[in-house]
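S.K.: Listed below, chain by chain, are the residues.
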Amino acid sequence: MTEAVWTALRTVTDPEIPVLTVVDMGIISGVRITESGVAVDVTPTFSACPAVALIREQIVEAVSAACGCEVIVRIVYDPPWTTERMTEEGRRKLKEFGVAPPSKACVGDRINAAVKASTTWSLEHIPCPFCDSKETELESIFGPTLCRSIHYCRGCQQSFEHFKPVE
Amino acid sequence: MNRFETAKDLPAMVRPAVVDLLFRMADDELIIGHRNSEWTGHAPILEEDIAFSSMAQDEMGHARAYYEMLHELGEADPDTLAFGRKPRQYRCASLVSLPKGDWAFSVVRQFLYDTSESVRLAALSESTFVPLAQLARKLRGEEKYHLMHGRSWVARLGSATEESRKRMQTALATCYPHALGLFEPTEADEPVAQYGIGLRERELKAQWESAVVPGLQAGGLSVADNVLPVYGGRVGRHPAALTELLDGMQLVYNIDPTAKW
Numbered sequence: 001m002t003e004a005v006w007t008a009l010r011t012v013t014d015p016e017i018p019v020l021t022v023v024d025m026g027i028i029s030g031v032r033i034t035e036s037g038v039a040v041d042v043t044p045t046f047s048a049c050p051a052v053a054l055i056r057e058q059i060v061e062a063v064s065a066a067c068g069c070e071v072i073v074r075i076v077y078d079p080p081w082t083t084e085r086m087t088e089e090g091r092r093k094l095k096e097f098g099v100a101p102p103s104k105a106c107v108g109d110r111i112n113a114a115v116k117a118s119t120t121w122s123l124e125h126i127p128c129p130f131c132d133s134k135e136t137e138l139e140s141i142f143g144p145t146l147c148r149s150i151h152y153c154r155g156c157q158q159s160f161e162h163f164k165p166v167e
Numbered sequence: 168m169n170r171f172e173t174a175k176d177l178p179a180m181v182r183p184a185v186v187d188l189l190f191r192m193a194d195d196e197l198i199i200g201h202r203n204s205e206w207t208g209h210a211p212i213l214e215e216d217i218a219f220s221s222m223a224q225d226e227m228g229h230a231r232a233y234y235e236m237l238h239e240l241g242e243a244d245p246d247t248l249a250f251g252r253k254p255r256q257y258r259c260a261s262l263v264s265l266p267k268g269d270w271a272f273s274v275v276r277q278f279l280y281d282t283s284e285s286v287r288l289a290a291l292s293e294s295t296f297v298p299l300a301q302l303a304r305k306l307r308g309e310e311k312y313h314l315m316h317g318r319s320w321v322a323r324l325g326s327a328t329e330e331s332r333k334r335m336q337t338a339l340a341t342c343y344p345h346a347l348g349l350f351e352p353t354e355a356d357e358p359v360a361q362y363g364i365g366l367r368e369r370e371l372k373a374q375w376e377s378a379v380v381p382g383l384q385a386g387g388l389s390v391a392d393n394v395l396p397v398y399g400g401r402v403g404r405h406p407a408a409l410t411e412l413l414d415g416m417q418l419v420y421n422i423d424p425t426a427k428w
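For the protein sequence lines, the chains are A and B, in the order given. Each residue of the first sequence is one higher than the one before, starting from 1 at the first, in the numbering used here. Each residue of the second sequence is one higher than the one before, starting from 168 at the first, in the numbering used here.
Hints should not be assumed to be uniformly reliable.
Stated by the list, open to error - Between beta-carbon pairs, the in silico distance windows are:
no., chain 1, residue 1, chain 2, residue 2, range
1, A, Pro144, B, Asp246, 23 to 33 Å
2, B, Asp246, A, Gly98, 45 to 55 Å
3, A, Thr2, B, Thr173, 24 to 34 Å
4, B, Gln361, A, Gln158, 48 to 58 Å
5, B, Thr410, A, Arg154, 47 to 57 Å
6, B, Val419, A, Thr120, 36 to 46 Å
7, A, Glu167, B, Asp216, 23 to 33 Å
8, B, Gly403, A, Cys131, 24 to 34 Å
9, B, Ala327, A, Tyr152, 14 to 24 Å
Claimed, not checked - Far from chain A, by Cβ distances over 10 Å, these chain B residues were calculated:
no., residue
10, Arg231
11, Gly251
12, Lys305
What the hints assert, rightly or not - Covered, in the sense of this in silico footprint (three residues per stretch, anywhere, with C-beta under 8 Å from a C-beta of chain B), are these stretches of chain A:
no., stretch
13, 26–39
14, 86–97
Keep in mind that the hints were calculated from the coordinates and are not lab data. We treat Cβ as the ideally placed atom computed from N, Cα and C, and that holds for glycine.
Could you build the full structure based on these sequences and the hints that come with them?
M.R.: The structure is reproduced here in structure tokens:
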């Protein structure tokens, strides 16, 4: 039963990045089989993400079709979504789609907390998803959706988007 | 110290203080979010149009999360709380109610406000009220990008041209007394501190000042000594600008509060 739920979840994609499934993104933080049906926990990438409502509906639809029972989706903030939750498969698909996967530079203690909070260093020199050059510049911290920033590659002279890292 | 796993576990002694704290944070976010959305289509450059619109979206989303928590604590549903109250019932500080002004004003306000939010959320991440601690940790990761934005523009505009420096300094002089009002002490202070929900406003204010000053110095901006705070927002006394804002924001809702969207 649990495996059937996960299989169904692998058919639900992010409406804003349709190549990624909710499993690739790492936003499924729990699946429980209960007496009355199935409970799925979703930990959103960004709490104000307007896609959450649609993702929730699609999960209910896909899982109830697969299992023929009642499905309850809970939006949770614990564990919080972080860059680490995205799968390697998800990172690969995202890059193929033309969006740089979330930088892992911000994860860990290499730079002290004050510097982390105060500068844009975690968004600098993001590898270009098209030519892999690191000669890239941050153009805008904010992009077309809450989870994306905009960059420019001096290697291939193209603008590209980057999935913002979250710690 | 005792931890409170759900809204039901909060002792009656501290409950009203948690409600008051949540209303202050939710209303600050809703109103500054609305003010920032006023730049959509009007910002000086496209990237800033996107930045202010994105920050507005984040802030309204955060307001909704706080209103949902208030609903768990027995208050009305989030839409009613956002749209169905009289100006006197809002608990936002005057800083967020002020009109958007010129772009320098909005940049300075956002920097002062985001810095206050970062110290508040850092404190609440350790809250004994577990759902609030979880939410605060989540929101902190997102607010990081607002701070990056604010700090880089304060540094750039503060030292770019004579005109930009003058506008930033003028904006700072106007904003600062209202920013101090973010830390207006309330009756919730002692229970909030005693039960380990969060810190006292004066403690947050001290942390905020030590974070704000280096950011302003990076742009060569300074604040006069002994600035007097503008209080009143936390007890429902607001500038006329808030009433005007709410008249516009609530207009459609008030035509038919029971309409389904």
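S.K.: Taking the hints in turn, state whether each one holds.
M.R.: Each hint tested on the structure:
1. A/Pro144 - B/Asp246: 23 to 33 Å: holds (27 Å)
2. B/Asp246 - A/Gly98: 45 to 55 Å: Taking Cβ atoms as reference, B/Asp246 and A/Gly98 lie about 38 Å apart, which means the hint is violated.
3. A/Thr2 - B/Thr173: 24 to 34 Å: For A/Thr2 and B/Thr173 the Cβ distance comes to about 27 Å; the hint holds.
4. B/Gln361 - A/Gln158: 48 to 58 Å: holds (57 Å)
5. B/Thr410 - A/Arg154: 47 to 57 Å: holds (51 Å)
6. B/Val419 - A/Thr120: 36 to 46 Å: holds (38 Å)
7. A/Glu167 - B/Asp216: 23 to 33 Å: holds (27 Å)
8. B/Gly403 - A/Cys131: 24 to 34 Å: violated (57 Å)
9. B/Ala327 - A/Tyr152: 14 to 24 Å: Taking Cβ atoms as reference, B/Ala327 and A/Tyr152 lie about 21 Å apart, which means the hint holds.
10. Arg231: Contrary to the label, B/Arg231 does not stay out of reach of chain A, its closest Cβ about 8 Å off (not over 10 Å).
11. Gly251: At roughly 21 Å from the nearest Cβ of chain A, B/Gly251 sits farther out than 10 Å, so the non-interface label holds.
12. Lys305: With a cut-off of 10 Å, B/Lys305 comes too close to chain A, as the shortest Cβ separation is near 4 Å.
13. 26–39: violated (count 0)
14. 86–97: violated (count 0)
The structure is inconsistent with the numbered hints 2, 8, 10, 12, 13 and 14, although it conforms to all the rest.
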